[in-house]
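For this one, chain A is given, so just place chains B, C, D and E with the ligands on it according to the hints.
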Amino acid sequence: MLYRTVGQFKTSYHADHALFPVKQDAWLLGFILLIAFVVLPATANEFVFNALLIPVLVYALAALGLNILTGYAGQLSLGTGAFMGVGAYACYKLVTIFPELNIVVAIALSGFFSAAVGVAFGLPSLRIKGFYLAIATLAAQFFLVWLFEKWAWLYNYNSSGAIQVPNIDMFGLTVAGPNAKAVVQYYFVLCVVCLITWFAINITRGRIGRIWKSVRDMDIAAELVGINLMKAKLSAFAVSSYIVGVAGALFVFLWRGAAEPVLFDIPLSFRVLFIVIIGGMGSILGNYLGAVLIVALPVLISFVPGALGLPVSSAMVEHLNTMIVGATIIGFLILEPHGLARLWAIIREKLVIWPFPH
Amino acid sequence: MNSRAEPLIIVAPDDGIPAGDLLMDVKNVSLSFGGVKAITDISFNVRKGEIRAIIGPNGAGKTSMLNVINGFYTPQKGTIVFRGEERRAMKPHHAVRQGIARTFQNVALFKGMSTLDNIMAGRSVMMKRNLFWQMFWHGPALREEIEHREKVEEIIDFLEIQHIRRTPVGKLPYGLQKRVELGRALAMEPSLLLLDEPMAGMNLEEKEDMSRFIIDVNRQRGTTIALIEHDMGVVMDLSDRVVVLDYGKKIADGTPDAVKSNQNVIDAYLGVAH
Amino acid sequence: EDAVNVTNLSYRTGPFAATGTPLMNGQRDYMLMLNERDGGVNGVKLVYDECETGYNTEKGAECYEKTKGSSIVTQPWSTGITLQVLPKSNVDKIPILAPGYGFSPMSDGKVFQWAFNPPASYWDGASMILKNISEGNLDSLKGKKIVLLHLDAPYGKEPIPLLQAYAEKYGFTLLPIPVGVKEMQNQSAQWLQIRRERPDFVLMWGWGAMNVGAVTEAAKTKFPMDKFVGIWWSGHDGDMKSVGEAGKGYRSISWSLPHSESSVMQDIKKYVLDAKKAEIGEGEFDWVFYQRGVLISMFTVEGIKAAQAHFNTKVVSAEQLRWGLENLKLDEAALKAIGMDGMIAPFSTACNNHAGHAGGWMLQWDGAKFVKVSDHITADAEMIDPLVQTEAKKYAEANAPWPINEECKM
Amino acid sequence: MDFLNSILVKPFADMAGAPDFLLQVLWEGLVAGVLYALIALGFVLIYKSSRIFNFAQGIMVVFAALTLVGLHEKGVPALLAVPLTLLVMFILAVVIERVVLRPLVNQPDMILFMATIGITLFLVGFGEIIFGGENKVMITEQLYIPTGSIEFEPFGGFVSIEQKDVTAVVGAILLVAGLILFLNRSKMGRAIRALGDDHQAALSVGISLSTIWVLVWFIAGVIALVTGIVWGARAGVSFALEVIAFKALPVLMLGGLESVLGAIVGGLAIGILEKLFEIYWGQPLLGGNTETWFAFVFALIVLLFRPQGLFGERIIERV
Amino acid sequence: MTNAAPQSEPATPILSVNNIEVIYDHVILVLKGVSLTVPKGGITALLGANGAGKTTTLKAISNLLHAERGEVTKGTIVFEGDEIQSLSPNQLVRRGCIQVMEGRHCFGHLSVEDNLMTGAFTRRDGAAAIRADLDLVYEYFPRLKVRRTSQAGYTSGGEQQITAIGRALMSKPKMILLDEPSMGLAPQLVEEIFEIVKKLNEEQGVSFLLAEQNTNIALRYAKYGYILESGRIVLDGEAQALRENEDVKEFYLGVAGEGRKSFKDVKHYKRRKRWLA
Ligand SMILES: Nc1ncnc2c1ncn2[C@@H]1O[C@H](COP(=O)(O)OP(=O)(O)OP(=O)(O)O)[C@@H](O)[C@H]1O
Ligand SMILES: Nc1ncnc2c1ncn2[C@@H]1O[C@H](COP(=O)(O)OP(=O)(O)OP(=O)(O)O)[C@@H](O)[C@H]1O
Ligand SMILES: [Mg+2]
Ligand SMILES: [Mg+2]
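Protein sequence lines correspond, in order, to chains A, B, C, D and E.
Mapping of the first sequence onto our numbering: position 284 corresponds to residue 284, and the numbering continues sequentially without gaps.
Mapping of the second sequence onto our numbering: position 22 corresponds to residue 380, and the numbering continues sequentially without gaps.
Mapping of the third sequence onto our numbering: position 407 corresponds to residue 1039, and the numbering continues sequentially without gaps.
Mapping of the fourth sequence onto our numbering: position 196 corresponds to residue 1238, and the numbering continues sequentially without gaps.
Mapping of the fifth sequence onto our numbering: position 74 corresponds to residue 1435, and the numbering continues sequentially without gaps.
Bound-form chain A, shown alone (with noise of 0.2 Å):
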């Protein structure tokens, strides 16, 4: 019996209300943090960070913020990838305004900017539901990327119509621009990854996530019960385009270094989506499992012809890669509908009672 819970009683609602009520919940996440801290930078090469772990963190963020709109709240959403590059057009634009700017601080503004132009498109959603409100944030992502196209402003006018990060220093060390270690950026994205995500899971634990929760399950009984839709559906709005603002900033600064308004286009949305979905709805754990899956089995998937030496081309392994993804999605909805981290819960729950099976 590997997780066992029998036994561990609680006396207080204080000690009910903990983090992880489970102990080896807590060991484990001390033991994934210490990979991800220690044992990954220590052992990873740039390409490892630049393919890999950077795209897993920036996109399971992102992941995070669709999730708390989607999984949480109940809203569909097919924009983020377009609210990504508010965030990231807000955070050029700030840090080239204020050069002097602290790139903390700018990212976290450019937060709010994302969860403004969220919740001016999720306005419709007190009166549209389901996938007719798909239809408001598609209206979002088309026209917010053609603004990036045509707005000028947005990209300095500069003559390359793409917005281009600059070497940013902080604390002595360049984190963002073609000089940053892709290292140093790791710890970046990481950090900002581990507090959201802390952020996170308070918010929805308490009052407010219970009320998001309420709103996806039944939007009628929690009127009835007293909510209020409209406060409920814009906070779930806010608070998921802030977090995917955010991503989006990270997504442009921390990783790709420049960006054109077409990578913010609707394949990077369902990208994200994917994730979610695949990862688990209402789940903050599904995102990263999710990203894991859906952004790095690809990278990995490349190296097998090369590795067993296959004269496979690449465009052959592509072709294949694409297959592959999509079969993966299928295979894993079908193995487990709600997800990897249902699929996580149900190995947890097995471990519990093993080896007895039911």
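Be a bit skeptical, because a hint or two may be false.
What the hints assert, rightly or not - One side only, chain D facing chain C, incomplete, derived with CB under 10 Å: (1) D1056; (2) E1176; (3) Q1242; (4) R1276; (5) V1279; (6) V1285.
Claimed, not checked - In the BS3-like style, the derived pairs of lysine-lysine whose C-alpha atoms are separated by at most 30 Å in a straight line are: (7) C/K677 to C/K909; (8) E/K1393 to A/K350; (9) C/K776 to A/K150.
None of these hints come from the bench; they were simulated from the model.
Yeah, the Cβ is synthetic: ideal placement off N, Cα and C, and Gly gets one too.
This is chains B, C, D and E with the ligands only, laid out in the frame that chain A set:
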């Protein structure tokens, strides 16, 4: 707080009770959907502290009546006076603030949430800490959470659902879901509790339990209750007064015994005399 | 055995695969041919590899990370990926080779030490087109209206600053009309606008399915085909084949000329295709894009040769290749020696000139293939150079600290 | 005032000034609208029968068109290639039902939506392996679709109408009429509508999910083929065609997700309005290319007044 | 509905469930070896508290578990002599076994009449016969005739319930699995429905397996009864015998020694059923 000191045996619907004792007065309410007349010109009142039953055949407009009372439907005609305030339309969440809570005919729980969370959700209106405090959890937000959690645990104890505290309600059997729903309504600390078929789909044992809960809520907490139920045994035993609807019209109003022997009611609803 | 690794960030998948595939095939086959025929370059085997991007910037950046350790050159193959890797090349010290694409100011080698866009930049292309449609007399454009039909993306917007400068100087009206990536196949709004505006000329910066869509619509609205000119990426046989007869008369500027009888092409045929070392589509061998791919690989190979000679080594490093690409000397004789005479105009690069400004020719679609219909055209240096310098400077300032090649005194 | 003038007066003056041009704009809008509606139809059918928001409709269009052209390239005569392509679409429907839908019966909408995105990715990879990435030419003439154009000269100007566009419009109208009849008059049609409401209840009364789903996906495949032929005739056949799926989304929302009539009305409305907006407002005032978002914003505004779209089923809210 | 001959030997089972075990979500074991039989032409009641597994048993029979991520992991189910675990619900309905699901489950966007017509999906005997049965259903439930054009989603709870029952009748079944037919119905209507059950049973030989909470009425109409508790059959017997069982009397019928007790007088005490001892 037992307001049922004197027995209430009133047959006539309007018998000049002092207004102070009235909790709610429904006046000439009519409601229709397109061509369907769900409610036609119905008036009745609810007194403080009583258990008021609404019965009638299927499709009579009982649920619609509750929906009008808590603001989910806006009647085309008529008004509702609740605690001295007169109104026709309102937003459901205002009804909650005024002290009206309800349960639903088809269980309307938050299926993905645990029992505890469902009942806690009933207290959202009373919780105040904003996003900032929530973010950090420790401190004021946690204190508030625990304070309300204590209240909720009282309700859980009262309804004897401790063992399913952490179970997602979607997985619970129907009877327990109904109980959780009652818990959620109680968490709102209402002065008027509307119950829509609280015992449908329950076996005897569970009906007995439910009856006990309803009576205890009424007696111990002094909550006024309006209830819809098709089990005549329950209606007759629990309620103080009964109003009978038939295809949108009121056909009788009075004590259970009076209603039971009313020929109109027997024809329209009971079938055989009980 | 000595070898150098040359990895190409290819795109044989995705929405632009149709245009990418022949270009990639051409590049691959030239290297294969050299390996077969000569055993590589001066005894060093060329290891040609591809990393598939699907024209997707994110995949591109990933490929860059993956290959930068091994490959001595990066060929990003999309303006988006180019912009992405451009600042990193300074740090990673890998030359970017973006022949005929990328960011036009890259031709300023002092600022963009690691980036190369030979033999001509988009601004060269724009200048060449204007020269041709005005029949050499730019003043004749006065009062005319010219539409730029372009993909609504950085690539499509590239020529705008230069064309605007021209419009101001020569008094014609420039009207850019964007085509969204999702509207590529459905350009009726754009062509209605063209019908309304009645421009004298339509220039096109199109890509992939946009080219087919545009030529089809032009035929439909009866826009005179000979007034419709595309940049070199809008002159693809594969695209035009699906338009067929209707596209007759459409022209495209090109810095390369297909010449299937040239000795290099014949060698490719002999050593690669006939020997079944690689497969290409039917008729593809004669296509502009396939043969352009061959030329592109030639730039790398000539860069390697120059570096080998200069540094007196066999296996050149990325940094050495940078020097090689900066010192390409492709005069008539050199081209003849490698069997490519008549396929590209002679040019050379220098530390301040990473484009070479070779110029090109106008090609016209005759219903079945592209044929050369002009003499050699060169770009207007005095229009382009100032713009290159200001834009390059602006870029360097926005991305400070940005290293400038101060040694270059040219 | 100048500003108001350019928004409120000038566009209309332009319209009145060149009525032949306006006619052309309207016709182009109409044709585009019909083409959007065709894609939307496939969506509607599947949504109606299973509440699946079938994102794969776009790739099915590409797949059908490529199969047709690919078969023809392999030497199969055009008129034989059509039934063969239909056979392929049928097999596809069977496989999708078996492998994807059946195991996911009764799952939430989002999950099924996601699964169709999975299908899309799979088909993209699979299709590219089989057909390659290059642009192919639709075999318009071999299918006896008239080409060439008809020209009018009203108001002293000229309006040109492509014959293949006329074919597309007529074809779409027939398809819609047929579908409406099928859905409202046949037993299968009723079962399809029932299935959309409640999978489990439908199962319990003996409605065979597999049969209906295969049928519906097959019809969607037929629609995809028709769409592929008409779009392909306009713009060539390649994977780039896949993005047109996005154009169907606002049409769907505007018309109502489960309404066949809505798809055609929504398609026409959006096709025409977006063209008018782009030509008379977008290009002169906003730098053009507004077609990327206009349809979405327009649909959004309409939804604010009718949350279920113009012809969608009322969203039932009862407690 | 023409096979009018009532079955004379109730001993031959039309349905038998042998020792089945059901697991949801791969982990939740709900039925722990349930066996029961329904004789041809019989009415069998399945009684038990909430969550006992009645619905699960019925769904296991009609093969609807799959859609809820549940599966039968042990045991067999035999309908008219054939094992049916691997049949699809559609095949089962064709063979004449249909379930009326608990909790209404109407097709909300279809009209009441269309709802009824979906019940005839598997029928092959022509429009006239179907029409006749539709009229029959309207005769049973006149309220449905009044509301026939309304969208079912907007009808009242009770109306939905009778729509669901009527819909099942439209398939002309040999056997109906009826899950809580009385839930939410007015007393008069409950009686009516059970009368219809009786009529169908007697006149057309339709067999019934009904899961009911309303033990009183169920045992009045059923011939045999099973009592299910936490996934196990704890008691079974002739309806008459069950009605006289002390425990059944106390816990399910609400009549203790001195007659029916009032809901008002329910005391708060932990009772114990003897079979759990
Ligand atoms: N939103 C609505 N739209 C249309 N008709 C409605 C709506 N709500 C209720 N009705 C109709 O009004 C009538 C009364 O319905 P209501 O739900 O109030 O009945 P009820 O008395 O609660 O019946 P039951 O006991 O069966 O629950 C019914 O005929 C129903 O169809
Ligand atoms: N889909 C499901 N997933 C997991 N557990 C389930 C599921 N459906 C039912 N259960 C569990 O199975 C048990 C039996 O449920 P079932 O619905 O069969 O009871 P029942 O006897 O019909 O009760 P009721 O009288 O309330 O209808 C319950 O404990 C329930 O929680
Ligand atoms: Mg009701
Ligand atoms: Mg049940």
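Cross-check of the supplied hints:
1. Among the interface hints, the one on D/D1056 holds; its C-beta lies about 8 Å from the nearest C-beta in chain C, closer than the 10 Å criterion.
2. Because the smallest distance between the Cβ of D/E1176 and any Cβ of chain C comes to about 4 Å, under 10 Å, the interface hint for this residue holds.
3. With 10 Å as the threshold, the beta carbon of D/Q1242 stays out of range of chain C, its nearest partner Cβ sitting at about 38 Å, so the hint is violated.
4. Interface hint at D/R1276: satisfied, since its Cβ lies 7 Å from the closest Cβ of chain C, which is below the 10 Å cut-off.
5. With 10 Å as the threshold, the beta carbon of D/V1279 comes within range of chain C, its nearest partner Cβ sitting at about 8 Å, so the hint holds.
6. Annotation: interface hint on D/V1285 holds; nearest CB of chain C at approximately 5 Å, less than 10 Å.
7. Taking the CA atoms of C/K677 and C/K909, the gap is about 16 Å. The hint holds against a cut of 30 Å.
8. For the hint linking E/K1393 to A/K350, the alpha-carbon distance of about 19 Å falls within 30 Å, and the restraint holds.
9. For the hint pairing C/K776 with A/K150, the CA-to-CA distance comes to about 26 Å; that is within 30 Å, so the pair holds.
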